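Enquirer: Chains S and G, in that order, give the protein sequences.
For what it's worth, numbering that gives the first Met the number 0 labels the leading residue of the first sequence as 0, then goes sequentially.
For what it's worth, numbering that gives the first Met the number 0 labels the leading residue of the second sequence as 0, then goes sequentially.
What the hints contain is simulated information worked out from the structure, not anything from laboratory work.
A quick note: this is a predicted structure, and the numbers were derived from the prediction, not measured.
Careful: at least some of the hints might be erroneous.
Derived Cβ-Cβ restraints for the label pairs, each shown as a range [as the list claims (entries may be wrong)]:
1) G:A96 / S:D250: 17 to 23 Å
2) S:G244 / G:Y68: 31 to 37 Å
3) G:E83 / S:R181: 53 to 59 Å
4) S:K200 / G:G82: 39 to 45 Å
5) G:E99 / S:A71: 49 to 55 Å
6) S:G254 / G:D11: 53 to 59 Å
7) G:S8 / S:T219: 46 to 52 Å
8) S:D250 / G:M66: 35 to 41 Å
9) S:T255 / G:Q48: 53 to 59 Å
10) G:G102 / S:E129: 46 to 52 Å
For every residue, glycine included, the Cβ atom is placed at its ideal position computed from N, Cα and C.
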Amino acid sequence: MNTQHEHVIIIGSGPAGLTAAIYTARASLAPFVIEGEPSSTSDQPGGQLMLTTEVENFPGFPSGVMGPELMANFRAQAERFGARFLTEKVTRVDFSQRPFRVWVRDTEYTADTIIVSTGARSLMLGLPEESRLIGHGLSTCATCDGFFFRDHHIAVVGGGDSAIEEATFLTKFASKVTLIHRRDEFRASKIMQERAFSNPKIEVLWNHTVTAIHGDTAVTGIEVTNTVDGATSELPVTGVFIAIGHRPNTDLFHGTLDCDENGYLVTEPNSSRTNIEGVFACGDVQDHTYRQAITAAGSGCMAAIDAERWLESQH
Amino acid sequence: MASINLTTSTFDETIGASGVPVVVDFWAEWCGPCKMVAPILDEIATECQGEMTIAKLNVDENPDIAMRYQVMSIPTMIVFNGGEAVHRIVGAKSKSALLEEFGTFLGNSH
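With the sequences and hints as input, model every part of the structure.
Expert: Right, dumping it as structure tokens:
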């Protein structure tokens, strides 16, 4: 069987990967985007914005834009200039020789240059009952599942922008939202915090973690533990939404690409270059500081320009 | 044949009268993962024509059916065989994963 060879393979299709696709496509490099496969976690084609509703801080959209719509536009723009898409997940890579090699199950692809934009996925609490109750009252996607909790009391776990965004969104349906945070202050931006504090349906439970989720076929309540004195108490919620942060999707590259102590890919300062010449990284997979759609898109543009210049230097 | 749309008034009759398994995709306009799985289900509907029917149910417009089957997360896909709910898949999945889930309800050709 002939192996398909590409100038550029882009792994991942959030704002970073699709911006890299737009730029490399316009440079006539006909990028091949292995965009990932559908799932209901943030690890999916289109990336984390596929699980959000209104995006209010992406420049150029004064009245906001829906996350999935924004990503559909990114994709259409890349396609218009000749990007091609494979809706599958990369299962293995070999960057030890050129051309670089990438596998999707048994199918091998080779490329002159690789752009890694695999993003990050939602962290779970790590409780054994999570796998049984996900989709049955336990959720990582408020926009997908909030609708089913009309007039319910639900809990949101986390203290960053996404936790507060979810809590605020869920008040459209829930009778009450308890926001559970392990510290005594939020990481979220001021505007998001003010939104939460001024919402009469949101109650904040500071210094608590969720230590058990009850229910056989659906969530019936949770146990929370006070992080200061260790006391446990029960909360009779029927829905639990998790927004406690993200982990970079770097499993494919362990032992190949350099990672920092948190697992994020390391790129050279002011560039998208990884430790392997010809392999570039952009977006949340290499950024634990900013993690915004706009910064991901910006770094995707950098990766495309770096890849294009590097390809030219090889001739 | 592409997938069919079900409503509260057509649901029971369509599911009950079908001679082949029916996969009902519970979805809504505001659900990103639902939009990703929809074109995959359309492809499966065409490929498995005559062996399996793919139907869609909008949970916004038909909340009573969603409630009857205790759907709490979308997309949820429920396989009905002889009018009975026999298998449930929660969350968007790839085409190969879905075909694997549906495999036992199809003939040997898949």
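Enquirer: Determine for every hint whether it applies to the structure shown.
Expert: How the hints compare with the structure:
1. G:A96 / S:D250: 17 to 23 Å: Since the Cβ atoms of G:A96 and S:D250 sit about 18 Å apart, the hinted range of 17 to 23 Å holds.
2. S:G244 / G:Y68: 31 to 37 Å: The hinted range 31 to 37 Å holds for S:G244 and G:Y68, with Cβ atoms some 33 Å apart.
3. G:E83 / S:R181: 53 to 59 Å: Hint violated: Cβ distance 44 Å, outside 53 to 59 Å.
4. S:K200 / G:G82: 39 to 45 Å: At roughly 40 Å between Cβ atoms, G:G82 and S:K200 fall inside 39 to 45 Å, so the hint holds.
5. G:E99 / S:A71: 49 to 55 Å: This hint is violated: roughly 27 Å between Cβ atoms.
6. S:G254 / G:D11: 53 to 59 Å: Holds: the Cβ-Cβ distance is about 55 Å, inside 53 to 59 Å.
7. G:S8 / S:T219: 46 to 52 Å: violated, 33 Å
8. S:D250 / G:M66: 35 to 41 Å: Given range 35 to 41 Å: holds, Cβ gap about 38 Å.
9. S:T255 / G:Q48: 53 to 59 Å: At roughly 44 Å between Cβ atoms, G:Q48 and S:T255 fall outside 53 to 59 Å, so the hint is violated.
10. G:G102 / S:E129: 46 to 52 Å: violated, 27 Å
Checked against the numbered hints listed earlier, the structure breaks hints 3, 5, 7, 9 and 10; every other hint is satisfied.
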